[in-house]
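J.: Given these sequences and hints, build the entire structure.
2 protein chains.
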Amino acid sequence: MAKLIVPRSQSFSEWFTSVVLQSKMADYSPVRGCMVIRPHGYALWENMQAGLDGLFKETGHVNAYFPLFIPKSFLAKEAEHVEGFAKECAIVTHSRLRATIKDGVATVEPDPESKLEEELIVRPTSETVIHSMYAKWIQSYRDLPLLINQWCNVVRWEMRTRLFLRTTEFLWQEGHTAHATEAEAHEEAIRMLGVYKQFAEEYMAVPVLAGVKTDSEKFAGAVRTYCIEALMQDGKALQAGTSHDLGQNFAKAFDEKYQTEKGDWSHVWNTSWGLSTRMVGALVMTHADDEGLVLPPRLAPIQVVLVPIWKGGPESEEIKAKAAEIGKALKAAGVRFHFDGRENQNPGFKFAEWELAGVPLRLELGPKDLAAGQVMAVRRQALEDSYIAEATGGAVAAARPPAEGAPAGGGGGGKPPKPARAKESIALDALAARIPALLDEIQTEMFARAKAWRDARTRPVDTYDDFKKGVETGGFLVAHWCGEAACEAAIKQDTSATIRVILSEAPAEDGACIRDGKPSKKRVHFAVAY
Amino acid sequence: MAKLIVPRSQSFSEWFTSVVLQSKMADYSPVRGCMVIRPHGYALWENMQAGLDGLFKETGHVNAYFPLFIPKSFLAKEAEHVEGFAKECAIVTHSRLRATIKDGVATVEPDPESKLEEELIVRPTSETVIHSMYAKWIQSYRDLPLLINQWCNVVRWEMRTRLFLRTTEFLWQEGHTAHATEAEAHEEAIRMLGVYKQFAEEYMAVPVLAGVKTDSEKFAGAVRTYCIEALMQDGKALQAGTSHDLGQNFAKAFDEKYQTEKGDWSHVWNTSWGLSTRMVGALVMTHADDEGLVLPPRLAPIQVVLVPIWKGGPESEEIKAKAAEIGKALKAAGVRFHFDGRENQNPGFKFAEWELAGVPLRLELGPKDLAAGQVMAVRRQALEDSYIAEATGGAVAAARPPAEGAPAGGGGGGKPPKPARAKESIALDALAARIPALLDEIQTEMFARAKAWRDARTRPVDTYDDFKKGVETGGFLVAHWCGEAACEAAIKQDTSATIRVILSEAPAEDGACIRDGKPSKKRVHFAVAY
Numbered sequence: 001m002a003k004l005i006v007p008r009s010q011s012f013s014e015w016f017t018s019v020v021l022q023s024k025m026a027d028y029s030p031v032r033g034c035m036v037i038r039p040h041g042y043a044l045w046e047n048m049q050a051g052l053d054g055l056f057k058e059t060g061h062v063n064a065y066f067p068l069f070i071p072k073s074f075l076a077k078e079a080e081h082v083e084g085f086a087k088e089c090a091i092v093t094h095s096r097l098r099a100t101i102k103d104g105v106a107t108v109e110p111d112p113e114s115k116l117e118e119e120l121i122v123r124p125t126s127e128t129v130i131h132s133m134y135a136k137w138i139q140s141y142r143d144l145p146l147l148i149n150q151w152c153n154v155v156r157w158e159m160r161t162r163l164f165l166r167t168t169e170f171l172w173q174e175g176h177t178a179h180a181t182e183a184e185a186h187e188e189a190i191r192m193l194g195v196y197k198q199f200a201e202e203y204m205a206v207p208v209l210a211g212v213k214t215d216s217e218k219f220a221g222a223v224r225t226y227c228i229e230a231l232m233q234d235g236k237a238l239q240a241g242t243s244h245d246l247g248q249n250f251a252k253a254f255d256e257k258y259q260t261e262k263g264d265w266s267h268v269w270n271t272s273w274g275l276s277t278r279m280v281g282a283l284v285m286t287h288a289d290d291e292g293l294v295l296p297p298r299l300a301p302i303q304v305v306l307v308p309i310w311k312g313g314p315e316s317e318e319i320k321a322k323a324a325e326i327g328k329a330l331k332a333a334g335v336r337f338h339f340d341g342r343e344n345q346n347p348g349f350k351f352a353e354w355e356l357a358g359v360p361l362r363l364e365l366g367p368k369d370l371a372a373g374q375v376m377a378v379r380r381q382a383l384e385d386s387y388i389a390e391a392t393g394g395a396v397a398a399a400r401p402p403a404e405g406a407p408a409g410g411g412g413g414g415k416p417p418k419p420a421r422a423k424e425s426i427a428l429d430a431l432a433a434r435i436p437a438l439l440d441e442i443q444t445e446m447f448a449r450a451k452a453w454r455d456a457r458t459r460p461v462d463t464y465d466d467f468k469k470g471v472e473t474g475g476f477l478v479a480h481w482c483g484e485a486a487c488e489a490a491i492k493q494d495t496s497a498t499i500r501v502i503l504s505e506a507p508a509e510d511g512a513c514i515r516d517g518k519p520s521k522k523r524v525h526f527a528v529a530y
Numbered sequence: 001m002a003k004l005i006v007p008r009s010q011s012f013s014e015w016f017t018s019v020v021l022q023s024k025m026a027d028y029s030p031v032r033g034c035m036v037i038r039p040h041g042y043a044l045w046e047n048m049q050a051g052l053d054g055l056f057k058e059t060g061h062v063n064a065y066f067p068l069f070i071p072k073s074f075l076a077k078e079a080e081h082v083e084g085f086a087k088e089c090a091i092v093t094h095s096r097l098r099a100t101i102k103d104g105v106a107t108v109e110p111d112p113e114s115k116l117e118e119e120l121i122v123r124p125t126s127e128t129v130i131h132s133m134y135a136k137w138i139q140s141y142r143d144l145p146l147l148i149n150q151w152c153n154v155v156r157w158e159m160r161t162r163l164f165l166r167t168t169e170f171l172w173q174e175g176h177t178a179h180a181t182e183a184e185a186h187e188e189a190i191r192m193l194g195v196y197k198q199f200a201e202e203y204m205a206v207p208v209l210a211g212v213k214t215d216s217e218k219f220a221g222a223v224r225t226y227c228i229e230a231l232m233q234d235g236k237a238l239q240a241g242t243s244h245d246l247g248q249n250f251a252k253a254f255d256e257k258y259q260t261e262k263g264d265w266s267h268v269w270n271t272s273w274g275l276s277t278r279m280v281g282a283l284v285m286t287h288a289d290d291e292g293l294v295l296p297p298r299l300a301p302i303q304v305v306l307v308p309i310w311k312g313g314p315e316s317e318e319i320k321a322k323a324a325e326i327g328k329a330l331k332a333a334g335v336r337f338h339f340d341g342r343e344n345q346n347p348g349f350k351f352a353e354w355e356l357a358g359v360p361l362r363l364e365l366g367p368k369d370l371a372a373g374q375v376m377a378v379r380r381q382a383l384e385d386s387y388i389a390e391a392t393g394g395a396v397a398a399a400r401p402p403a404e405g406a407p408a409g410g411g412g413g414g415k416p417p418k419p420a421r422a423k424e425s426i427a428l429d430a431l432a433a434r435i436p437a438l439l440d441e442i443q444t445e446m447f448a449r450a451k452a453w454r455d456a457r458t459r460p461v462d463t464y465d466d467f468k469k470g471v472e473t474g475g476f477l478v479a480h481w482c483g484e485a486a487c488e489a490a491i492k493q494d495t496s497a498t499i500r501v502i503l504s505e506a507p508a509e510d511g512a513c514i515r516d517g518k519p520s521k522k523r524v525h526f527a528v529a530y
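Chains as they are written, first to last, in this note's numbering: chain A, 1 to 530; chain B, 1 to 530.
Fair warning: there could be bad hints in the mix.
Which copy is meant is left open, because identical chains are indistinguishable; a pair holds if it fits in one copy or across any two.
[Stated by the list, open to error] Here are the simulated lysine-lysine pairs, DSS-like style, with alpha carbons at most 25 Å apart:
(1) K320 x K57
(2) K102 x K87
(3) K328 x K57
(4) K115 x K102
(5) K136 x K350
(6) K24 x K57
(7) K320 x K368
Keep in mind the hints are simulated off the structure, nothing from the lab.
T.: Here is the structure:
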């Protein structure tokens, strides 16, 4: 099974694609640039949705649904916005097909008589159509704040696409809020940035930097764009979620006004914020390894898989009965449990398959375990990951010391050694208590390892030469920047690196711009990005 | 509040629209034929999704996501299918906008250079793109059955649209399965018809007839279409969900084959089945009344609203504290509870607002209740509904006798009398036990009343004259039909009534076709339909 996965050391991008395809998270579709999210990937996305949606509701948001289509004239109302999206729009121009027969061959084509008076754009994002509705719904200060989120599909015509990371159609949520004051809108944009950081770190175990984008990277139509940025295992950064302070740009374009308590009229202040299926790519590139996916327990569709070790015969029935008992106890304890009772596959095949699928914890139950009243619990994530260890000069290898009884590695013949994994035997009557705790430990350790990795690959640089060298090895380069867009563009031109984020909590520090030596008051995070 | 609702007796269709708009379930959008589902309507849809999704998972289905776009040539592969959908397609022809300036005015238009080589159709349904993937995924009998569902938006260009009932874009689920044998596929189509019936009746409290469609009403590309049909309060039928036995039509069009255990290759057998946001319209037209929405407890976003009866002063604090206690107890008992603590609205206003929103149960808590250690519980659904009573000649009026203490009606001045509602006082310490039971009772009674209504408006007819008169008064007309499509079409032409469903369990009965007198072996259900 594992041989289906291209090793990271050979080609990181082929590794990524092979993990996504072989673990059956997604597949290419016959539609250019669009992917199919297969059941294994979609179940993960559903768990991500549930987690994030819970955080939205805790912060007072409700869900709604707005149209897929945006009239061309709406998109054009906010000048920067249309400029930002015009080049990547799917445009609907007709509403009917007609068949014509020529030389005995039938062809189907748009019926010219069904040409639309005004073309419709498949939403690349929904600010325009949503603010046209808000303008109608909002009358008074009593109607504010309006805090609505939408889960939907959007389309941005991409020339070069990659599974999950950049697809013409993708799934996301987009929050759109309206507030009475600038301060409240600002507070909301920051609050949702915090929600994204919390979700990334606590649910996905993906450490992120949170801060503001430079003007050149901000959303088309925003006053300010905040973001969370993660660092992938190849040392490239990935923008994982954005929160925009829109000021009154859309409010003015759509005449979105409210009557204040005093009775005069004022434009509202807006925010929007989005997180997409791209985040699934971030999860893969943070945690997966050369055996396949590694899923954090909080989001894993299956958290624990039990593989029976049997050879037919009477003990099989006993093992099956015990497995059912374990399943019942674990499900009652809130664990997403699966029993792999397939008769036509051996345990080794099953182990590899569930490792590929990223299930965080495997339980093994054989006749000896049964006799001893225990199961063996084996973690998915390896104790050591040579790819990670190498990239950090050994600084990040194991998240924890091997547990008692952990194998030293091994696997014979010509195959590469199997990575060592922490194991522990757990008494059957302790399972319902131990397994949830163990899943929590795994979650915590996955985050800790990813954070150690990110921190090991984040470093200050003070000369442009070091900067250029740093770009080659990857990671975040924390450097001074003069604040000028032209200089930022020149750095990108020279090195491909961009300013990923200016940390909210970056300390004030006098310095000189990495490129032109002009004065700078704080460092910013540069990286080559996805 | 209630005056915002057009009475059913005045105009049923205006009543429907006013209920949907005024209860803030949905709104018109600036995009022709597309609606906005507002938070109150979307929360209901989310509960419907959760209920239905649970039933899908219990029957072994998993979710996935397929592309929004379908290449034109794919749609054309199944001849009947393209014929059925060609006239209502949104067609994407370009991928870029460009701005041109003429006489100083900027216009945005599709960039001719971005014209697509092959046009894309926004999915009206996903059989074609899904079976192209299944053809790739299915290799062996071991890969079968494949049982996948998708929650998504679809587009069918409608000329005359109505909120929820017929919109250009709508939300739905579409299940698509592949099986090794014809018998298994047939069994699946019937199973999912049963799931739809269970969902409609047990969750939505909407009684439905389940059976098969005639050929003229079957899905484009299906061998046979099964459906559930409900009867609205105006006596018109509404198709609420369909399940299709696709035979091998799509399997052959997309070369979807598997290797049997014996080693030879065979085309698979498919089904598809869908239920959409149209079902929200069915819910409204089954249960709502002249005061607004009436939601069944199992699906209501808020099941119980507590309205404090206070006039400021010290007892307000006590009431607030007690309300918090009640909320805690009810939430712990699994009840979706809301406390309406607004200070700037009086109880009468709040009552009307929550009635309009359809919350199934209202609790009232005033100083006297507090002193007596109780709350007053008032049901949303009226004991008598004159519109319903009139249409059934009094056969269906109250679902149950008035409880002790139920008011005789009342409300003074020039306003129409408020409808009487069952009330009961409940001791505070009995709430956590009584409220869930009471919600169950309401759910059961809503179904019973709707079923009594449906049954009262379903009747056998044996002459074409009676049939024509029956069509005028509405309801299901159960009549003999010769089985010929031409005759069915003639009846539709004469009367607007169509055959809604041929019941699976319809007893064999020799008779004569209602129109042409030819022999018939069983009766079918006719009605005028939405």
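J.: Now tell me if each hint is right for this structure.
T.: Verification of the hints:
1. K320 x K57: between (41 Å within a copy, 23 Å between copies)
2. K102 x K87: So K102 and K87 pass the 25 Å test across copies only (20 Å; inside, 35 Å).
3. K328 x K57: between (31 Å within a copy, 18 Å between copies)
4. K115 x K102: both (22 Å within a copy, 23 Å between copies)
5. K136 x K350: Answer is between; shortest inter-copy Cα gap is 23 Å, intra-copy 57 Å.
6. K24 x K57: For K24 and K57, only the inter-copy Cα distance (19 Å) is at most 25 Å; the intra-copy one is 31 Å.
7. K320 x K368: within (14 Å within a copy, 61 Å between copies)
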